[in-house]
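Residue numbers (this note's numbering), protein chains in the order written: chain A, 6 to 115; chain B, 901 to 1016.
Among the hints, erroneous ones may be present.
Claimed, not checked - Each computed DSS-like pair below joins lysine-lysine, with the alpha-carbon atoms no more than 30 Å apart: (1) A:Lys42 - B:Lys957; (2) A:Lys72 - A:Lys55; (3) A:Lys72 - A:Lys60; (4) A:Lys42 - B:Lys914; (5) A:Lys60 - B:Lys914; (6) A:Lys31 - A:Lys55; (7) A:Lys102 - B:Lys978; (8) B:Lys957 - B:Lys914; (9) A:Lys102 - B:Lys911; (10) B:Lys957 - B:Lys978; (11) A:Lys42 - B:Lys911; (12) A:Lys31 - A:Lys102; (13) B:Lys978 - B:Lys911; (14) B:Lys957 - B:Lys911; (15) B:Lys957 - A:Lys102; (16) A:Lys60 - A:Lys73; (17) A:Lys42 - A:Lys31; (18) A:Lys102 - A:Lys55; (19) B:Lys957 - A:Lys31; (20) B:Lys978 - A:Lys55; (21) A:Lys73 - A:Lys31.
Claimed, not checked - Chain A is nowhere near these chain B residues, computed Cβ spacing over 12 Å in every case: (22) Arg915; (23) Leu921; (24) Gly940; (25) Ser958; (26) Gly959; (27) Arg964; (28) Gly972; (29) Lys978.
Unchecked claim - Short, incomplete list of chain B residues facing chain A, as computed with Cβ under 7 Å: (30) Tyr910; (31) Gln941; (32) Gly942; (33) Pro943; (34) Phe965; (35) Pro1002; (36) Glu1004; (37) Gly1008; (38) Pro1009.
It is worth saying that the hints were derived from the structure and are not from the lab. C-beta atoms are modelled at their ideal positions from N, C-alpha and C, and glycine is treated no differently.
One letter stands for each residue in the lines below.
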Amino acid sequence: QQPVQSPQAVILREGEDAVINCSSSKALYSVHWYRQKHGEAPVFLMILLKGGEQKGHDKISASFNEKKQQSSLYLTASQLSCSGTYFCGTEMDSSYKLIFGSGTRLLVRP
Amino acid sequence: GAGVSQSPRYKVAKRGQDVALRCDPISGHVSLFWYQQALGQGPEFLTYFQNEAQLDKSGLPSDRFFAERPEGSVSTLKIQRTQQEDSAVYLCASSLSFTGGPLEQYFGPGTRLTVT
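Chain A on its own, in the form it takes in the complex:
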C-alpha cells in the first residue's frame, strides 16, 4: 500500500520552514526519507523506526508517530540547496522492501 505524501508541492522563500508528511494505512516498521534532485540519484536523509522516535541533523529533522502511522519531515531555515523532491519510503516489516510515496516537490527561492 503506497504511503500518501502531503503536500504534493511547496514553494518557500529562503529561510522559511517546511513540513512534509507521509501517512500509511498499514502498520509500519520503519520510514526512510530521501531527497532527489532532477536527473540525479535519490540521496538518503534518515531512517526512523517504529517507537515514535525523532531524529535530526543539520537543519532537517523528522518524527514518526506510530499511533497514526505517520512520519513528518521538518526543514528549518531552508536554503536554495534544499530544493528537490522529497520521498518517504515505508517498510512494513524487516524485509527491506521499501514502498515509496509519490513525492513532495520543494522549491526554495531567493
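Here the structure of chain A is known, so what remains is to put chain B in place on it, guided by the hints.
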C-alpha cells in the same frame, strides 16, 4: 569510495528490442535492489538480491523482466521485447547488510530507458 554506478545512463530502444542495464553496487554491499521510476513518481520496487540470491522478485511487471547477480556483486536487469510502457528510469540501490535492522539504501544515478 565510489558510489553505486549504472550503465548506460541513457538507452533508446525500438519496441521489441531486448535491453540490458548494468549496476555496480558499492563494494562490500550485500543487498542490491532494482527500482523503476516513472516520470513524476516515486521509485517502485522491482527485485531484491542478497549476495547472489534473488530473494524477492515480486515487483517485476512481467516475465519479460529478468534480473541476475551471478557473483554477488554486479547485477544486470534485462528486459526482453521492450514495450512503450517500459519507458522509465531504472534505479539500482545497494545496502551494506541484511541483518541488524533497516539500513539506508544508496542509489545509483539510474538508466533512463526510452522505448520508441
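Practice prompt. Go through the numbered hints given earlier and state which of them the structure violates, listing their numbers in rising order.
Written response: 5, 20, 24, 25, 26, 30, 34
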